[in-house]
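Engineer: Using my numbering, the first residue of the sequence shown is number 77, and each one after it goes up by one.
Hint data in this document are derived by calculation from the structure and do not stem from the laboratory.
Because the structure is a prediction, the values reported are computed rather than measured.
The C-beta atom is built at its ideal place from N, Cα and C for all residues, glycine as well.
Please note that a few of the clues may not be correct.
As the list claims (entries may be wrong) - 25 Å max Cα-Cα, derived DSS-like pairs, lysine-lysine: (1) Lys-192 <-> Lys-268; (2) Lys-217 <-> Lys-80; (3) Lys-192 <-> Lys-217; (4) Lys-192 <-> Lys-202; (5) Lys-254 <-> Lys-202; (6) Lys-268 <-> Lys-217; (7) Lys-361 <-> Lys-317; (8) Lys-252 <-> Lys-268; (9) Lys-105 <-> Lys-80; (10) Lys-255 <-> Lys-318.
To be verified - Simulated restraints, written as ranges between beta carbons of each label pair: (11) Leu-415 <-> Asp-319: 46 to 54 Å; (12) Pro-420 <-> Ala-261: 53 to 61 Å; (13) Arg-183 <-> Glu-89: 49 to 57 Å; (14) Arg-294 <-> Asp-115: 28 to 36 Å.
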Amino acid sequence: ALRKFLDERDFLEVETPTMHTLIGGAAAKPFETHHNTLDLSLFMRIAPELYLKRLVVGGFERVYEIGRCYRNEGISTRHNPEFSMIELYQGYATYETLMDLTEEMLRFADRALAEKMPEQHAAWVKERVFTLDRFERVPMKLALERALDKADLPAEVVSRIHLDDAPIKEWAKRAKAKKRVIDWANYRQGAKRCDNDGERLFIGYEYLVEPFLTDDYRLGEHSVPVFIIDYPYEVSPLARKKDSDPSLVDRFEMFVDGRELCNAFSELNDPEDQADRFRAQVAAKQRGAEETMDYDHDYVRALQYGLPPTAGFGMGIDRLVMMLTGATSIRDVILFPLLRHVRPTTGEGS
Numbered sequence: 077a078l079r080k081f082l083d084e085r086d087f088l089e090v091e092t093p094t095m096h097t098l099i100g101g102a103a104a105k106p107f108e109t110h111h112n113t114l115d116l117s118l119f120m121r122i123a124p125e126l127y128l129k130r131l132v133v134g135g136f137e138r139v140y141e142i143g144r145c146y147r148n149e150g151i152s153t154r155h156n157p158e159f160s161m162i163e164l165y166q167g168y169a170t171y172e173t174l175m176d177l178t179e180e181m182l183r184f185a186d187r188a189l190a191e192k193m194p195e196q197h198a199a200w201v202k203e204r205v206f207t208l209d210r211f212e213r214v215p216m217k218l219a220l221e222r223a224l225d226k227a228d229l230p231a232e233v234v235s236r237i238h239l240d241d242a243p244i245k246e247w248a249k250r251a252k253a254k255k256r257v258i259d260w261a262n263y264r265q266g267a268k269r270c271d272n273d274g275e276r277l278f279i280g281y282e283y284l285v286e287p288f289l290t291d292d293y294r295l296g297e298h299s300v301p302v303f304i305i306d307y308p309y310e311v312s313p314l315a316r317k318k319d320s321d322p323s324l325v326d327r328f329e330m331f332v333d334g335r336e337l338c339n340a341f342s343e344l345n346d347p348e349d350q351a352d353r354f355r356a357q358v359a360a361k362q363r364g365a366e367e368t369m370d371y372d373h374d375y376v377r378a379l380q381y382g383l384p385p386t387a388g389f390g391m392g393i394d395r396l397v398m399m400l401t402g403a404t405s406i407r408d409v410i411l412f413p414l415l416r417h418v419r420p421t422t423g424e425g426s
């Protein structure tokens with residue numbers, strides 16, 4: 077269904093390398109391997125992003141790839157180290173264009189499932205706690221203000237969220253009144269590692285807003301899918317800064333029933349700005365940050381040739397299947413998920 081949807085809109089399906097010489101495309105830990113003949117360290121791809129954007133530089137205005145990605149992270153009901161992903165890039169488009177495309181794509185996939193499996197689909201829809209009839213688009217800062225019942229959140233308050241002072245005590249009081257359980261210990265610990273207000277805004281959103289999206293955005297008895305937009309540029313090293321506020325970027329993540337489903341943004345196409353952000357990633361890695369990108373000289377060189385105004389989108393296909401079928405664990409939609417190894421008992425093999 078996804079291929080049909082994109083093919084009908086003149087996107088070209090391509091394949092790009094799954095073994096990379098650099099870490100990039102997303103903030104995650106990679107799996108590492110080694111090429112013996114070349115004596116070269118390689119990384120299983122975290123995302124195909126940088127290769128796909130080079131194709132846009134080369135004149136392919138609409139491209140997409142469906143394939144495997146790998147992230148050396150924890151295993152949970154929403155995470156498997158090996159997973160299927162779709163990424164697409166559209167020249168002369170913005171992240172707002174892709175929000176419209178995302179809404180159309182999800183409804184198209186849902187209709188295709190209904191046509192293919194009508195009885196099962198009817199049962200799944202009956203049990204759904206979310207609706208696809210309406211989508212919300214909410215700036216991150218506004219989402220935080222709403223979660224705290226506090227309008228016009230001052231920047232100086234955001235910059236002090238990691239301290240045990242009046243603001244955090246007031247926020248804790250509000251959360252308790254809403255009967256919300258917040259992981260304050262990890263919240264403070266994460267905030268103390270932040271180096272700037274953008275990172276602090278993001279960590280505040282991550283702990284105070286994201287876990288409660290299904291409560292804050294509803295249509296009757298159902299939760300509403302939410303596009304969280306306008307991320308801090310410090311946590312978005314490949315996204316274009318907003319013209320109206322350069323401290324933010326033209327980016328969204330979409331959540332359905334509280335689960336992150338996709339990530340997209342207007343692409344940064346200024347080679348000097350991109351080089352500066354890669355340097356910032358390298359500096360963060362030197363300070364001890366674990367989920368950072370390497371400096372990709374080839375990609376910066378490609379930008380120097382000229383990337384047109386472009387928007388890019390990535391979505392986990394396994395999570396999409398979970399959403400549409402009502403599965404509660406990613407293991408239910410992957411044929412052979414990675415599980416903890418159990419040693420065989422004596423006599424069951426070596």
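Engineer: Between Lys-252 and Lys-268, is the straight-line Cα distance small enough, at 25 Å or below?
Structural biologist: Status holds; Cα separation ~23 Å.
Engineer: At the C-beta level, are Arg-294 and Asp-115 separated by a distance inside 28 to 36 Å?
Structural biologist: violated (57 Å)
Engineer: Take the C-beta atom of Arg-183 and the C-beta atom of Glu-89, compute their distance, and say whether it sits inside 49 to 57 Å.
Structural biologist: violated (21 Å)
Engineer: Compare the distance between the alpha carbons of Lys-105 and Lys-80 with 25 Å, and conclude whether the hinted pair is satisfied.
Structural biologist: Roughly 32 Å separates the two Cα atoms, so the pair is violated.
Engineer: May I ask you to test the hint 46 to 54 Å on the CB atoms belonging to Leu-415 and Asp-319?
Structural biologist: holds (48 Å)
Engineer: Hey, Lys-255 versus Lys-318, does the alpha-carbon distance stay inside 25 Å?
Structural biologist: violated (36 Å)
Engineer: So if I understand the rule, the pair passes when the alpha-carbon distance is 25 Å or less; does Lys-217 with Lys-80 pass?
Structural biologist: Answer violated: Lys-217 to Lys-80 is near 36 Å, above 25 Å.
Engineer: Is the Cα-Cα distance between Lys-192 and Lys-217 25 Å or less?
Structural biologist: violated (41 Å)
Engineer: Does the structure keep Lys-268 and Lys-217 at a Cα separation of 25 Å or less?
Structural biologist: holds (20 Å)
Engineer: CA of Lys-192 to CA of Lys-268, is that 25 Å or under?
Structural biologist: violated (50 Å)
Engineer: With a cut-off of 25 Å on the C-alpha distance, tell me whether Lys-254 and Lys-202 pass.
Structural biologist: violated (29 Å)
Engineer: Could you tell me whether the CB distance from Pro-420 to Ala-261 stays inside 53 to 61 Å?
Structural biologist: Given about 39 Å between the Cβ atoms, the range is violated.
Hints 1, 2, 3, 5, 9, 10, 12, 13, 14 from the list above are not met by this structure, while the remaining hints are.
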